[in-house]
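Number of protein chains: 2
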Amino acid sequence: MNRPAIVPHVFRVAIVGAATLKGRELKEVLDEMNFPVADVKLLDDDESLGQLDQIGDEATFIQPADPEHFRNVDFAFFASDAAFTGRHWQSALQAGATVLDLSYALYGERNVSARSPWIEKELERESGREPGHEDLTTTAVVIAHPAASVLALLLLRARSAGSIQTVAATVFEPVSEQGKRGMDELHQQTVNLLSFTTLPKEVFDEQVAFNMLGRFGEGSSISLKNIEARIAAHFEAIVGKSVPVPSLMLVQAPTFHAHTFSVYIQFDGEIKASALATALAGEHVTIVDPAEDGPSNVNAAGQGNVLVSVRRDARNANGFWIWAAADNLKIAAISAVECAATLSTMRPLGKVQ
Amino acid sequence: MNRPAIVPHVFRVAIVGAATLKGRELKEVLDEMNFPVADVKLLDDDESLGQLDQIGDEATFIQPADPEHFRNVDFAFFASDAAFTGRHWQSALQAGATVLDLSYALYGERNVSARSPWIEKELERESGREPGHEDLTTTAVVIAHPAASVLALLLLRARSAGSIQTVAATVFEPVSEQGKRGMDELHQQTVNLLSFTTLPKEVFDEQVAFNMLGRFGEGSSISLKNIEARIAAHFEAIVGKSVPVPSLMLVQAPTFHAHTFSVYIQFDGEIKASALATALAGEHVTIVDPAEDGPSNVNAAGQGNVLVSVRRDARNANGFWIWAAADNLKIAAISAVECAATLSTMRPLGKVQ
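Protein chains in written order, with the working numbering: chain V, 1 to 353; chain G, 354 to 706.
No wet-lab data here; the hints were simulated from the structure.
Treat the hints with caution; some may be incorrect.
Said to hold, decoys possible - Distance windows between CB atoms, simulated:
| hint | chain 1 | residue 1 | chain 2 | residue 2 | range |
| --- | --- | --- | --- | --- | --- |
| 1 | G | Met-699 | V | Gly-217 | 43 to 53 Å |
| 2 | V | Ala-314 | G | Ile-517 | 17 to 27 Å |
| 3 | G | Arg-424 | V | Phe-196 | 50 to 60 Å |
| 4 | V | Asp-39 | G | Ala-644 | 23 to 33 Å |
| 5 | V | Gly-302 | G | Glu-487 | 37 to 47 Å |
| 6 | G | Lys-625 | V | Ser-163 | 25 to 35 Å |
| 7 | V | Pro-200 | G | Ile-575 | 42 to 52 Å |
Claimed, not checked - Calculated pairs, EDC-like style, for lysine to aspartate or glutamate (alpha carbon to alpha carbon, straight line, at most 16 Å):
| hint | chain 1 | residue 1 | chain 2 | residue 2 |
| --- | --- | --- | --- | --- |
| 8 | V | Lys-121 | V | Glu-109 |
| 9 | V | Lys-241 | V | Glu-134 |
| 10 | V | Lys-201 | G | Asp-646 |
| 11 | G | Lys-474 | G | Glu-691 |
| 12 | V | Lys-180 | V | Glu-270 |
| 13 | G | Lys-474 | G | Glu-462 |
| 14 | V | Lys-201 | V | Asp-184 |
| 15 | V | Lys-272 | V | Asp-313 |
| 16 | G | Lys-578 | V | Asp-313 |
| 17 | V | Lys-225 | G | Asp-537 |
| 18 | V | Lys-121 | V | Glu-283 |
| 19 | V | Lys-121 | V | Glu-338 |
| 20 | G | Lys-533 | G | Glu-691 |
| 21 | G | Lys-554 | G | Glu-581 |
| 22 | G | Lys-594 | G | Asp-666 |
| 23 | G | Lys-554 | V | Glu-283 |
| 24 | G | Lys-578 | V | Glu-338 |
| 25 | V | Lys-225 | G | Asp-646 |
As the list claims (entries may be wrong) - Take a look, some chain V residues computed to stay more than 12 Å from chain G by CB distance:
| hint | residue |
| --- | --- |
| 26 | Glu-32 |
| 27 | Gly-56 |
| 28 | Ala-169 |
| 29 | Asn-211 |
| 30 | Arg-215 |
| 31 | Thr-345 |
Backbone N, C-alpha and C define an ideal beta-carbon position, used for all residues, glycine too.
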């Protein structure tokens, strides 16, 4: 038989913000998930230029996010901060790259939607529909906030255990959501508290070490309220009308990695705890047995799955508590890479030119 | 006129567990609240014997909890651990002292009830009733868990803003609830994490530093589930049938001092956020203005009031989030001293004999 040789689809990729926590995570996840890359360009701001790095076994270094570096790039991942994304995404677009924005900068731009492949597959599974064809006009997407993806996945599945009356979710934000600056500030505050010296507060304008905060200080450029609104908006965008947005409270916790979630779900009628656990279990979710170590920031760090424990409320037979933990950076990176895989079907044959 | 001289009521007090965090807090609060003491005996276990201490301006030292030291004592506060209380409370009782148990050891004993003066006064205010007379057979009381008192106070008041449908409260436990051992373990774990050495886990059998836990390790002698059950039981005991026990989830946070509370309240109908804030405000509660630093462990530490912020849920007009913080040790100590003041009406004239 004389079959045509199968030409593997391989893609040229750029990571903008390659020196950020998200950028580094993305680089690892591209590798772990065997995303078919021909070439990965690491781009970042002036501060990080020239830093040596490694892609697979090859040494490489970080280059500026100049238009020329987007030439022939198929997928440009923006793991930079929002301002940097704002300055450079048009260059990527003009060079013909598909833009995947992990900085949320492009949310609200025309034809840019929030995407969560986990939720898209979950909705397809539920409805028995074939995966929808990608819209050929899609040239840029925002990767949904990881807390929105986690909450959406849990609530979509919980719904299959029974009719949901009320959901109240408290979500705990780790400092790594603010990148290396956030990590450094918690670390340095901790060191300084232990040695009784004054605390740096540039990022949060508050003591975050050993402290739980409902809002940051006035001088902080970030706002828990805005992040909470983003999680709610992304939840709605990825889930549609399948599940209403839960009542939501975002709290800053003195933790480095992983979101944790305390979610109260009240059903219309009595259901079994085992039925809820069965409904929640499945791809991307590990139900933690009571005999094992429970979900926590430390246990979730580095995991691609959401760790979940479930129990009935002590007093209310229709009420359940979910305690969950999920690696914020990892889940954002996995979502971005899965999104690129989905979008790759609409790229011209990704042969290296 | 020949009036009898007014004999001030002054009392002899013993603090059992005087070297514990709770014991030290109690000593301070007795002083701050000007509780009329003639004499304060500091008692504790062998480890702490002979430690020098100070009562007002007088130097004193810690003595063993022997029966002779309860002689002529009016109020014996047990700030020790539960086992120590179990061994010594009968001696105090036999010496004629009224026992105030801050260790929860006596909960469930015959004729021993959980008491929260804040809640008792709140219920009296509401009903317009006069303070009830103390039962003359009361010789020992358990001081209600401070998280139960805080939740009860908030929900009793919230109820006056509108009819409550659902309450889901996540409560964050600080390590000081486990006394100095808990404080030391978080401190030492933090130091060791920063210097990359192994973590001590004797108390929690888990990493508590920079970590949020839904349960402790298997090897821990303490259980979040049991503490949560205690909070619920005390809530019910002090509130009676006025408000149902809220759906409750207890989480261990990497914090030293103060409980924090994320409480979702859903009302039957729409109410104004300002109406809820007004309902919550009052004695023992400080509503924190959005322009000020929000409630947090750090802001609440050392305060006798509960710090509270309120906001409407972003999506649900009938839903509200309360974010609150309260100094666990201080509120337990204040409750104990106020309880002694209430019970003092039934002591024989507290003249020093």
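A quick look at each hint next to the structure:
Range check, Met-699 (chain G) to Gly-217 (chain V): about 49 Å between beta-carbon atoms, so the 43 to 53 Å window is met. Distance hint check for Ala-314 (chain V) and Ile-517 (chain G): the Cβ-Cβ separation is about 18 Å, which falls inside the suggested range of 17 to 27 Å. Separation of Arg-424 (chain G) from Phe-196 (chain V) is about 43 Å and departs from the stated range, judged on CB atoms against 50 to 60 Å. Distance hint check: the CB atoms of Asp-39 (chain V) and Ala-644 (chain G) are about 52 Å apart, inconsistent with the given range 23 to 33 Å.
Against the hinted window of 37 to 47 Å, the Cβ-Cβ separation of Gly-302 (chain V) and Glu-487 (chain G) comes to about 58 Å, which falls outside the hint. Between Lys-625 (chain G) and Ser-163 (chain V) the CB atoms are about 30 Å apart, so this pair conforms to the stated range of 25 to 35 Å. For the hinted restraint 42 to 52 Å between Pro-200 (chain V) and Ile-575 (chain G), the CB-CB distance of approximately 34 Å leaves it violated. Between the alpha carbons of Lys-121 (chain V) and Glu-109 (chain V) the distance comes to roughly 24 Å, so the proposed pair goes past 16 Å and is violated.
Between Lys-241 (chain V) and Glu-134 (chain V) the alpha-carbon distance is near 20 Å, which puts this suggested pair outside the 16 Å criterion. Between Lys-201 (chain V) and Asp-646 (chain G), the direct Cα distance comes to roughly 14 Å. Compliance with the 16 Å bound is thereby established for this hinted pair. For the proposed pair Lys-474 (chain G) and Glu-691 (chain G), the alpha carbon gap of about 11 Å is at most 16 Å, so the pair holds. Note on Lys-180 (chain V) and Glu-270 (chain V): the hinted pairing is violated, with a Cα-Cα distance of about 45 Å set against a maximum of 16 Å.
Note on Lys-474 (chain G) and Glu-462 (chain G): the hinted pairing is violated, with a Cα-Cα distance of about 24 Å set against a maximum of 16 Å. In summary, the hint linking Lys-201 (chain V) to Asp-184 (chain V) is supported, as the alpha carbons are separated by about 10 Å, within the 16 Å threshold. For the given pair, Lys-272 (chain V) sits about 12 Å from Asp-313 (chain V) by alpha-carbon distance, which is consistent with the 16 Å threshold. Restraint check: the Cα-Cα separation between Lys-578 (chain G) and Asp-313 (chain V) comes to about 11 Å, which is no more than 16 Å; the hinted pair holds.
For the hint pairing Lys-225 (chain V) with Asp-537 (chain G), the CA-to-CA distance comes to about 34 Å; that exceeds 16 Å, so the pair is violated. A distance of roughly 10 Å separates the Cα atoms of Lys-121 (chain V) and Glu-283 (chain V); the hinted pair therefore holds under the 16 Å criterion. A C-alpha spacing of about 11 Å is found between Lys-121 (chain V) and Glu-338 (chain V), which places the hinted pair at or below 16 Å, so the restraint holds. For the proposed pair Lys-533 (chain G) and Glu-691 (chain G), the alpha carbon gap of about 25 Å is over 16 Å, so the pair is violated.
Between Lys-554 (chain G) and Glu-581 (chain G) the alpha-carbon distance is near 21 Å, which puts this suggested pair outside the 16 Å criterion. A C-alpha spacing of about 27 Å is found between Lys-594 (chain G) and Asp-666 (chain G), which places the hinted pair above 16 Å, so the restraint is violated. Simply put, Lys-554 (chain G) and Glu-283 (chain V) have alpha-carbon atoms about 33 Å apart, too far for the 16 Å limit, and the pair is violated. At roughly 39 Å between alpha-carbon atoms, Lys-578 (chain G) and Glu-338 (chain V) are farther apart than 16 Å, so this suggested pair is violated.
Between Lys-225 (chain V) and Asp-646 (chain G) the alpha-carbon distance is near 15 Å, which keeps this suggested pair within the 16 Å criterion. Consistency note on Glu-32 (chain V): stated as away from chain G, and its beta-carbon is indeed over 12 Å from all of that chain's, at 24 Å minimum. The beta carbon of Gly-56 (chain V) sits about 28 Å from the closest Cβ of chain G, which is more than 12 Å, so the claim that it is off the interface holds. The claim that Ala-169 (chain V) is not at the interface with chain G is violated, since a C-beta of that chain comes within 12 Å of its own (minimum 9 Å).
Non-interface status of Asn-211 (chain V) relative to chain G is broken: a Cβ of that chain comes within 12 Å, the nearest being about 5 Å off. Listed as outside the interface, Arg-215 (chain V) is inconsistent with that label: its C-beta sits roughly 5 Å from the nearest C-beta of chain G, within the 12 Å cut-off. Taking the minimum C-beta to C-beta distance to chain G, about 35 Å, the non-interface status of Thr-345 (chain V) holds against the 12 Å cut.
Taken one by one, the earlier hints fail for this structure at numbers 3, 4, 5, 7, 8, 9, 12, 13, 17, 20, 21, 22, 23, 24, 28, 29 and 30, listed in ascending order.
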